[in-house]
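Participant: Below, each chain spelled out in residue letters.
There are 4 protein chains.
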Amino acid sequence: MATKAKIGVLGASGYTGSELVRLLLRHPRVEIALLTADRRAGQEMRNVFPQFAPFALPTLVSIESVDWKTAGLDLIFCALPHATTQKVIAAIFAAKPDAKIVDLSADFRLSDPAAYAKWYGHEHAATELQKQAVYGLVEVYRRDIKRAQLVANPGCYTTCAQLPLVPLIKAKAIDLDEIVVDAKSGMTGAGRSAKEAMLFSEVSEGFNAYGVGSHRHMAELDQEFSKAAGRDVVVTFTPHLVPMNRGILSTIYVRGKRGRTAQDLHEILAKQYAKEEFVHVLPFGETPHTRHIRGSNMTFIGVAKDRHEGRAILVSALDNLVKGASGQAVQNMNLMLGFPEAAGLEQVALFP
Amino acid sequence: MATKAKIGVLGASGYTGSELVRLLLRHPRVEIALLTADRRAGQEMRNVFPQFAPFALPTLVSIESVDWKTAGLDLIFCALPHATTQKVIAAIFAAKPDAKIVDLSADFRLSDPAAYAKWYGHEHAATELQKQAVYGLVEVYRRDIKRAQLVANPGCYTTCAQLPLVPLIKAKAIDLDEIVVDAKSGMTGAGRSAKEAMLFSEVSEGFNAYGVGSHRHMAELDQEFSKAAGRDVVVTFTPHLVPMNRGILSTIYVRGKRGRTAQDLHEILAKQYAKEEFVHVLPFGETPHTRHIRGSNMTFIGVAKDRHEGRAILVSALDNLVKGASGQAVQNMNLMLGFPEAAGLEQVALFP
Amino acid sequence: MATKAKIGVLGASGYTGSELVRLLLRHPRVEIALLTADRRAGQEMRNVFPQFAPFALPTLVSIESVDWKTAGLDLIFCALPHATTQKVIAAIFAAKPDAKIVDLSADFRLSDPAAYAKWYGHEHAATELQKQAVYGLVEVYRRDIKRAQLVANPGCYTTCAQLPLVPLIKAKAIDLDEIVVDAKSGMTGAGRSAKEAMLFSEVSEGFNAYGVGSHRHMAELDQEFSKAAGRDVVVTFTPHLVPMNRGILSTIYVRGKRGRTAQDLHEILAKQYAKEEFVHVLPFGETPHTRHIRGSNMTFIGVAKDRHEGRAILVSALDNLVKGASGQAVQNMNLMLGFPEAAGLEQVALFP
Amino acid sequence: MATKAKIGVLGASGYTGSELVRLLLRHPRVEIALLTADRRAGQEMRNVFPQFAPFALPTLVSIESVDWKTAGLDLIFCALPHATTQKVIAAIFAAKPDAKIVDLSADFRLSDPAAYAKWYGHEHAATELQKQAVYGLVEVYRRDIKRAQLVANPGCYTTCAQLPLVPLIKAKAIDLDEIVVDAKSGMTGAGRSAKEAMLFSEVSEGFNAYGVGSHRHMAELDQEFSKAAGRDVVVTFTPHLVPMNRGILSTIYVRGKRGRTAQDLHEILAKQYAKEEFVHVLPFGETPHTRHIRGSNMTFIGVAKDRHEGRAILVSALDNLVKGASGQAVQNMNLMLGFPEAAGLEQVALFP
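Residue numbers (this note's numbering), protein chains in the order written: chain A, 1 to 352; chain B, 1 to 352; chain C, 1 to 352; chain D, 1 to 352.
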């Protein structure tokens, strides 16, 4: 086998960072060459995530200490907080114009500077790059991703909603003004920051909605659904927290258009995803559990009939840290570096 | 204080049965005089539920062994499986025509024999009693309950959906054809039967919808919402399972009618429940967590604005074993026996 | 009924504080007159713990703002961090020499200033008070507590280990050099501070020991066991974290002395606790679950035979926030104010 | 690459069966050729474990329907209940004397028919095979396993206790009469049978010991520890249930012999396992979490000093379904078929 591609992971002390390391460690074509974690610089990965103790990994360094020009990285994953990200990525491209980057933050997901400013409350600091970034929902933008230098990896909630909805919107099969996305996520979606509301005792044995009526993920949904529809689409979206680590399940209420039944919608999705390795449409009437995709890059989609004639209920499930973040990021890397799309992503779900 | 009322609990080996015992043990006006559990007859309650080991309780007996005429019970709680229930209750009334019963099963919730037969797949065995039964949603039927001999305690999912929706439907404040109820329940709602799908390892660290498109609770919602509206109302309803023991949270999507805004809906609910002891409406825009009502008889209701002008998101939360079952049953008992409505139900939620 | 006693809770924004409020709200003889929470001063309790939204409670104030002399408090619970506590309590007694205080911190549990300095790394700031403080393990020190002005409420781990061991040590029934206490605690034992290691995603679906070989609770065990034995006793103690909110279970390995069998040990404990309301000894050979004491002030103790002739395994379980903290504190208050010992503590465990 | 080995899995509808399928599906040298599940015969694996829906797998058949002579299997995993197992395996060897089998049940772990009869309450039905079976603890019996036809895969609890203890016993470094093993397991260790005590609502948010004083796993520990010591060794062992799916953690209390300190014990273990791929000894004083080995074949071992001079606390952690069952079984298969020992077992732990 040829020499392995050298990969950097910025922000290795967070959950999407560690998930990248988990996947890359077993990827046959790559080598982890750089790991950064500003607050943990100088420490070993095993001090931050003890599961890596048995493996040889580079010592954590600060971003500042890296010379992008000479680092010899074939691709960089950026798993940093939003806002910080745009500055770091601008600096990387300034030092190394031919860099390839998959960004897991929200910073380059919105292509419209005005939309970014509205939802994030400040101007984007790298609007030129914002234009060039390719939105990394592989099943929709595969071709563009292959040629991209900067890929904006989609959000976890939005991937889970887009995979079932985009094909239906493109097929003009559903009413665009009646879409309700009721989404439920495990706790890793909230990251690894030490906040009271995320303590075990605050979360365990309970359930709640949050950001009801207004949540930043809406901006990403608006952009992609409107693009698919060729007109403005504004969905109703409510996120909830489930006392579990991994997994997102979206229950989506739609109304068929022009006589489309739930079964018709199922057929559109089944056809669309028949050859996709990481999207699996269940038989009509069956709906997925998050536990059956845990730890894998798979998305399961189910379609069922509502009691109301002409309405359908879609249920989609994925692992927010894999297909909803680091797995999809590796899938993007595979396309960008010309590897088989599924390389390093073959793991079967861990259930129970 | 006067002599205490003698109470029987049929089906004491299930979760609603043990929850009744928990509440009645600390109720100042009652005495637990009879506990039945057919398969555990002859055993002590402590063998079935070790938490009761420190307390003196009657030995479990079989239903068959009870002579209803001479048992001297002032009120009977019936926490038996549906279908069995109607036969047992018919037998009790036959032996003791002045019996008072609160039934926690689904058997007397539907007043229409045809609806019962449709949803349960067989004819009702006690249609006379079905007519006399009063639906025990206290906040709606308080007056009728005070005079009732047979109260059908509402379902947990349906209580959680009715408390926020019935006042809005009665006020003609929302569109009746656009109601979506996305409900999430803890595992005790499924009871204590040993089924593979309910094992810890099958449930923990995962989330799923079930009964998508068709679920028996719909019949009860149809009946009560239609009654409130004065016309047929058919809501979309999807139940989900949360890896927690107790709690139901319903996220309800509605559209205001005749210019009613989310804030108007909030005002209707706040006014409606201002004096209710067990329904608390949160300030506008806030939504509840199930953990904050765990173990208590409280229902928390929140109302928030949707992004879509004119639409609102209602979120209601209760403990399925308390306000959703045994707590509401005790509330019904209090009314039927002339006790203060909140007697024995004062416990504050157990959080964390 | 006579006027109610006025009670203050210092540190109401933590878990032991909120648990005190939960219990006191339903206590027939007291009234919550003061709640402090320095960082949340000016807020309502419902902003800090939404489960209290339906109840009328005093607004949170800072400790500094209270005038102890004129506050008219009959008893004060102090649920503050250690070290801070000794200064606050010294100040209270300085302003109001006849104050009555139950302290839930570790500050007054050790009566020996040298032991305190050794385990906590600094001199005690109120050694005079340290001498006067009564150790609040009710079942052992009931008489002293009734006359005390300052009671040091025992730790949760130590209560769980002392209740089964102290009677055996006093009876000289077990070998003092061979005691192993393997203890497992739910997460609320770690408090409400926002630390990475306590996040849901770090704790859920996992188990670990911590502080292996050295843990501050040992000091308290050393003191009390040595006192009971009349000689130095040093036990082996390992704490573990269980992914649950509430509960401690201790598995204790002992060797009978002078021919004492496991059954003899069981008999000693059964006799000792026969009349105690909050300690229940299970039949010989049965061992407890934490879930059966959750939310109650009960301790369950089991004794079983080891395979090794002459050795026994003791298992004790309690709720760390109730008998392990706030429930025991209320029990202490009841003694100090002359109320029935069980007042406000009658709640049956919440299972499931 | 050469043709792949054809593998059969008997008992594919249980957790160890599905875990074998998970691992074998990604093993580079094998092909799953047969899956049995008597009660689910005729169904697809996806009906029993939906996580396999995207993968092509043989239809489930009954054991009875298999012709062992002509099935062409290179190796068979037997994941059946004990007692049934010995009959099935005897039948396979009768039909195909050169069969290779890894048995995951307890049936061939005890080599002494008398010990088997004592602990299991009936005579062993295949005592000839019992003699030939090799105990499959790879790190101890690697050489024998390579030449074995029938390997008895060790139990999960016992693997977790043996890996830290066997080297210390062999080195005569610890007192053999003072060993206490306090073990804690996730729920999958109890299998997939529908029992009330294993329901989510019975297990969640609680902790308990079980089988205190007497548990079948002791027989296996007795055999292996006595063999290592060259004399009878009887340890004290208490299993507990943790509300989590996967993982075992053993806290082991030992006393060093002939002046051996905790550090000496650490050194023995570190040296012993320095080259083992699946046993990792942490730095002295650190102890493991189960979450850091979840889903991997790794065992983590920590050694800490007890307060008592000369005593040590060992803590070991593994995933009961991987190193404690199916992963170790695949490791055994790799040895028996001449594959690299780690083939198919490279997965990094899934945390969080």
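Since the hints were derived computationally from the structure, they do not count as laboratory data.
Quick caveat: nothing in here was measured; it's all calculated off a predicted structure.
Think of the CB as a built atom: it goes at the ideal place given N, C-alpha and C, for glycine as much as any other residue.
Certain hints may be false.
Unchecked claim - Taking lysine to aspartate or glutamate and the DMTMM-like style, the derived pairs with C-alpha atoms no more than 20 angstroms apart in a straight line are:
{"hint": "1", "chain 1": "A", "residue 1": "Lys305", "chain 2": "B", "residue 2": "Asp98"}
{"hint": "2", "chain 1": "A", "residue 1": "Lys305", "chain 2": "B", "residue 2": "Asp177"}
{"hint": "3", "chain 1": "C", "residue 1": "Lys305", "chain 2": "D", "residue 2": "Glu178"}
{"hint": "4", "chain 1": "D", "residue 1": "Lys305", "chain 2": "C", "residue 2": "Glu196"}
{"hint": "5", "chain 1": "B", "residue 1": "Lys257", "chain 2": "A", "residue 2": "Asp38"}
{"hint": "6", "chain 1": "B", "residue 1": "Lys118", "chain 2": "A", "residue 2": "Asp38"}
{"hint": "7", "chain 1": "C", "residue 1": "Lys305", "chain 2": "D", "residue 2": "Asp38"}
{"hint": "8", "chain 1": "C", "residue 1": "Lys146", "chain 2": "C", "residue 2": "Glu286"}
{"hint": "9", "chain 1": "C", "residue 1": "Lys195", "chain 2": "A", "residue 2": "Asp38"}
{"hint": "10", "chain 1": "D", "residue 1": "Lys305", "chain 2": "C", "residue 2": "Asp74"}
{"hint": "11", "chain 1": "A", "residue 1": "Lys195", "chain 2": "C", "residue 2": "Glu196"}
{"hint": "12", "chain 1": "B", "residue 1": "Lys257", "chain 2": "A", "residue 2": "Glu196"}
{"hint": "13", "chain 1": "D", "residue 1": "Lys257", "chain 2": "C", "residue 2": "Glu341"}
{"hint": "14", "chain 1": "B", "residue 1": "Lys195", "chain 2": "D", "residue 2": "Asp177"}
{"hint": "15", "chain 1": "C", "residue 1": "Lys195", "chain 2": "A", "residue 2": "Glu196"}
{"hint": "16", "chain 1": "A", "residue 1": "Lys257", "chain 2": "B", "residue 2": "Asp177"}
Said to hold, decoys possible - If you only want the chain D side, here are some residues facing chain B, beta carbon under 7 angstroms, derived:
{"hint": "17", "residue": "His124"}
{"hint": "18", "residue": "Ala194"}
{"hint": "19", "residue": "Lys195"}
{"hint": "20", "residue": "Met198"}
{"hint": "21", "residue": "Leu199"}
{"hint": "22", "residue": "Phe200"}
{"hint": "23", "residue": "Ser201"}
{"hint": "24", "residue": "Val203"}
Participant: Run every hint past the structure and note whether it holds.
Facilitator: Now the hints, each set against the structure:
| no. | hint | result |
| --- | --- | --- |
| 1 | A:Lys305 with B:Asp98 | violated (46 angstroms) |
| 2 | A:Lys305 with B:Asp177 | holds (17 angstroms) |
| 3 | C:Lys305 with D:Glu178 | holds (16 angstroms) |
| 4 | D:Lys305 with C:Glu196 | violated (26 angstroms) |
| 5 | B:Lys257 with A:Asp38 | violated (54 angstroms) |
| 6 | B:Lys118 with A:Asp38 | violated (64 angstroms) |
| 7 | C:Lys305 with D:Asp38 | violated (40 angstroms) |
| 8 | C:Lys146 with C:Glu286 | violated (34 angstroms) |
| 9 | C:Lys195 with A:Asp38 | holds (18 angstroms) |
| 10 | D:Lys305 with C:Asp74 | violated (47 angstroms) |
| 11 | A:Lys195 with C:Glu196 | holds (8 angstroms) |
| 12 | B:Lys257 with A:Glu196 | violated (40 angstroms) |
| 13 | D:Lys257 with C:Glu341 | violated (50 angstroms) |
| 14 | B:Lys195 with D:Asp177 | violated (43 angstroms) |
| 15 | C:Lys195 with A:Glu196 | holds (8 angstroms) |
| 16 | A:Lys257 with B:Asp177 | holds (17 angstroms) |
| 17 | His124 | violated (30 angstroms) |
| 18 | Ala194 | holds (4 angstroms) |
| 19 | Lys195 | holds (5 angstroms) |
| 20 | Met198 | holds (5 angstroms) |
| 21 | Leu199 | holds (5 angstroms) |
| 22 | Phe200 | holds (4 angstroms) |
| 23 | Ser201 | holds (5 angstroms) |
| 24 | Val203 | holds (4 angstroms) |
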